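Residue numbers (this note's numbering), protein chains in the order written: chain A, 1 to 299; chain B, 1001 to 1234.
Take the hints with a grain of salt, since some may be wrong.
What the hints assert, rightly or not - Residues of chain A clear of chain B, computed beta-carbon distances all greater than 12 angstroms:
(1) L5
(2) Q52
(3) I53
(4) V58
(5) L62
(6) L108
(7) L160
(8) G189
(9) L272
Claimed, not checked - Restraint-style ranges between C-beta atoms, simulated for each label pair:
(10) B/Q1129 <-> A/L283: 21 to 31 angstroms
(11) A/F159 <-> B/A1220: 57 to 67 angstroms
(12) A/L103 <-> B/E1124: 49 to 59 angstroms
(13) B/G1057 <-> A/A91: 29 to 39 angstroms
(14) B/Q1170 <-> A/G92: 39 to 49 angstroms
To be clear, the hints were calculated from the coordinates, so they are not data collected in a lab. Just so you know, these numbers come straight off a predicted model, no measurement behind them. All residues carry an ideal CB built from backbone N, CA and C; glycine is no exception.
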Amino acid sequence: MERLLQYVFDGLSFGAIYALVALGLVVVFRGTGHLNFAQGEMAMFCTFIIWQINDWGVPLILAVIIGMVFGFVLGAGTEATVIRAVAKKSAGGVFVVSIALFLGLNSLATMIWDRAEGYTMGSLFPNQPFDFVRILGAEWRYKFIGVLAVALALMGLLFLLFSKTKFGLAMRSVASNPDSARLVGVPSGVVLASSWGIAAAMGALSGALVGGINGQLTPSLMFSVFIYASAAATLGGLDSPGGAVIAGLSIGVGEQLVAGYIPGWIGQDLKLSVALILIFVVLLVKPSGLFGSLKVERV
Amino acid sequence: MTFLKTVGLRASYGQVDVLLGIDIDVNEGEMVVVLGANGAGKTTTMRAVSGTIARSGSVIFDGQEIVSQSAESIVRLGVAHVPQGRGTFSELTVEENLRIGAYIRKDSIESDIARWYKTFPRLEERQNQRAGSLSGGEQQMLAIARALMSRPRLLLCDEPSLGLAPLITQELFEVLKNLNEQDGLSVLLVEQNANLALKVASRVYLLETGQVVASGSAEAIAGDERIRKAYLGG
Chain A
1 MERLLQYVFD
11 GLSFGAIYAL
21 VALGLVVVFR
31 GTGHLNFAQG
41 EMAMFCTFII
51 WQINDWGVPL
61 ILAVIIGMVF
71 GFVLGAGTEA
81 TVIRAVAKKS
91 AGGVFVVSIA
101 LFLGLNSLAT
111 MIWDRAEGYT
121 MGSLFPNQPF
131 DFVRILGAEW
141 RYKFIGVLAV
151 ALALMGLLFL
161 LFSKTKFGLA
171 MRSVASNPDS
181 ARLVGVPSGV
191 VLASSWGIAA
201 AMGALSGALV
211 GGINGQLTPS
221 LMFSVFIYAS
231 AAATLGGLDS
241 PGGAVIAGLS
251 IGVGEQLVAG
261 YIPGWIGQDL
271 KLSVALILIF
281 VVLLVKPSGL
291 FGSLKVERV
Chain B
1001 MTFLKTVGLR
1011 ASYGQVDVLL
1021 GIDIDVNEGE
1031 MVVVLGANGA
1041 GKTTTMRAVS
1051 GTIARSGSVI
1061 FDGQEIVSQS
1071 AESIVRLGVA
1081 HVPQGRGTFS
1091 ELTVEENLRI
1101 GAYIRKDSIE
1111 SDIARWYKTF
1121 PRLEERQNQR
1131 AGSLSGGEQQ
1141 MLAIARALMS
1151 RPRLLLCDEP
1161 SLGLAPLITQ
1171 ELFEVLKNLN
1181 EQDGLSVLLV
1191 EQNANLALKV
1201 ASRVYLLETG
1211 QVVASGSAEA
1221 IAGDERIRKA
1231 YLGG
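Just chain A, same shape as in the assembly (with noise of 0.2 angstroms):
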C-alpha cells in the first residue's frame, strides 16, 4: 500500500511536469493552429540561461523569473520572425522549421556550455535528504509537492486566461479563423506572437523544475521529457487544456507504476518506445484526443 501511494505521489510530480510542456504544446496549437517541436528545446535553453544567472550570483527564484522572460521574449521572438514568414508560404514549412530550431538550440546549447558531465542545478525547492513528510506511509518529498503545487496554480492561471479573460477569446479567435479575427480588430500578429511566449516562459519553468528533480543540467535535459509530454498532448487532445494536465498525470503516474512494480518488463531504454507508441496509437484510434474537440462544420 505504501509502494503504491509512493509510486502515485512520485508519478504525479513527474505527471505535472509532462503536464506543463503539454500545456505549452496546446497553448501553441490553440493559438497557431502549429506543432511547435522545438518546445522543449527552447525549455531545455532557457534552463542554461536560468543556471547560468544563477551561477553569476543571482537567487534561484529570481533567476527562474528571468528566464521565463528570456523564454517569453524567445517563443515571441521565434514567432513574430522565422516563423510567421514561413507560415505564409505554407503549414508544412513550420514543421520544418520547428525542427530546425529543435537542433539548432541543442547544438547552441552544447557549444556554450560544453561540459560531459553537465551543470549541477539547485532546486526551488528545500532538497536535503530529510526534507519530506511522511502521509499514509509514503515519502512526499518537498521538492515533489513543491513541483506540483506550481504546476497546478500555473494550470489553473492558464484556464482563466484561456476562459475568462478577452485576451484568451482573441487567442483562439485567431486560431479559429484568422481573417475574421482581423476584422473584428484582434491584432493577430500580437497574439501569435504572445502564445508562443507564454508557451516558452512554461518551458522555461518547467525545465528548472526538472533541473532541480534531476539535480544536473545537460542539453538532453527536456529530452525524455517532451516526447512524454507530446504523448499527453497528443492523448488529452491537443487543443484541450484539460486533457493535456488528465493524460501528462496519467502518463506520469502509469509510468511510475509500470517501472516500480515490473522494472524488467520495459526497461528503461524502451520507455521513451511506449510513449511513441501511445502517440501512434491515440492518432490512429481517436485523432482529436480524448478530450480535444473533433472539428464539426455545416455548410
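Dock chain B against the given chain A, drawing on the hints supplied.
Relative to the frame of chain A, chain B by itself:
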C-alpha cells in the same frame, strides 16, 4: 454627405488585376448595392475597403484616408465587414462569437448581446452551441450580429443570401432594411440576387471585370431595359 468614397481603387491577386479603378460613394444613412456577375470584383471591392487585401488608389471613410490602414484599425474607425462565406469562428460558441465581435469596445456589451438575440431569436436558443454546428442561415445571422457588435457606422455585407433558402434570405434582408431605415446604419451590400437587392437599396453600382459600368438609383437601374436583360434575367 459622402460617408465612404473610393477613387481609382485598384487591387490584384498576384499578377492578375481584379480591380481596375473603382469609384464608389456611399452617403451617410444610405444602403448601396453592388451588382455584377461572378468574377466582376464585388468581393474584392469589399475586401479593399475593409483592408483585408493589398490595394491602391484612395478610400476615404468619414473624411479620413484609409487605403493604407490595416483591417484591425479600419474596424476601429467604424467599418464592419461581414465577409463572403460568413467567416464565423466555428470552434467558438455563438455567444463567444458575439463577444469577440465587440473586441474593439471598452464599454459594456451585455445590452448589445441582448438586442441581437432579440433580433435573431434562433441565436439565443443556440447561444452555447459551437458556431460550426449552426445551419447556413443561422451562421449568416451570427456573422451579421457579430459585425454589429462592434457598433459600426458602415456595414459591408458580402452576399448574405449565398446558399440560403429564399425565406431566410428575405428575413435577413428585412433585418438589414430595418437597420438602415430605423438605426440610420449605412450599408454597402454585395449581391447576386439582384431583384431582392434592388428592393432594399437606394442606389446601385454595376461592376464588370473590375470596373463600374453603370450606376444610378435603384429605380433607374431596375427600369433600364438593357441592364434588365443583361443582369436581372429579363
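To see whether the hints hold, each was checked on the structure:
{"no.": "1", "hint": "L5", "verdict": "40 angstroms, holds"}
{"no.": "2", "hint": "Q52", "verdict": "39 angstroms, holds"}
{"no.": "3", "hint": "I53", "verdict": "37 angstroms, holds"}
{"no.": "4", "hint": "V58", "verdict": "39 angstroms, holds"}
{"no.": "5", "hint": "L62", "verdict": "35 angstroms, holds"}
{"no.": "6", "hint": "L108", "verdict": "35 angstroms, holds"}
{"no.": "7", "hint": "L160", "verdict": "16 angstroms, holds"}
{"no.": "8", "hint": "G189", "verdict": "9 angstroms, violated"}
{"no.": "9", "hint": "L272", "verdict": "32 angstroms, holds"}
{"no.": "10", "hint": "B/Q1129 <-> A/L283: 21 to 31 angstroms", "verdict": "28 angstroms, holds"}
{"no.": "11", "hint": "A/F159 <-> B/A1220: 57 to 67 angstroms", "verdict": "59 angstroms, holds"}
{"no.": "12", "hint": "A/L103 <-> B/E1124: 49 to 59 angstroms", "verdict": "52 angstroms, holds"}
{"no.": "13", "hint": "B/G1057 <-> A/A91: 29 to 39 angstroms", "verdict": "33 angstroms, holds"}
{"no.": "14", "hint": "B/Q1170 <-> A/G92: 39 to 49 angstroms", "verdict": "45 angstroms, holds"}
Violated hints amount to a single one, hint 8; each of the other numbered hints is respected by the structure.
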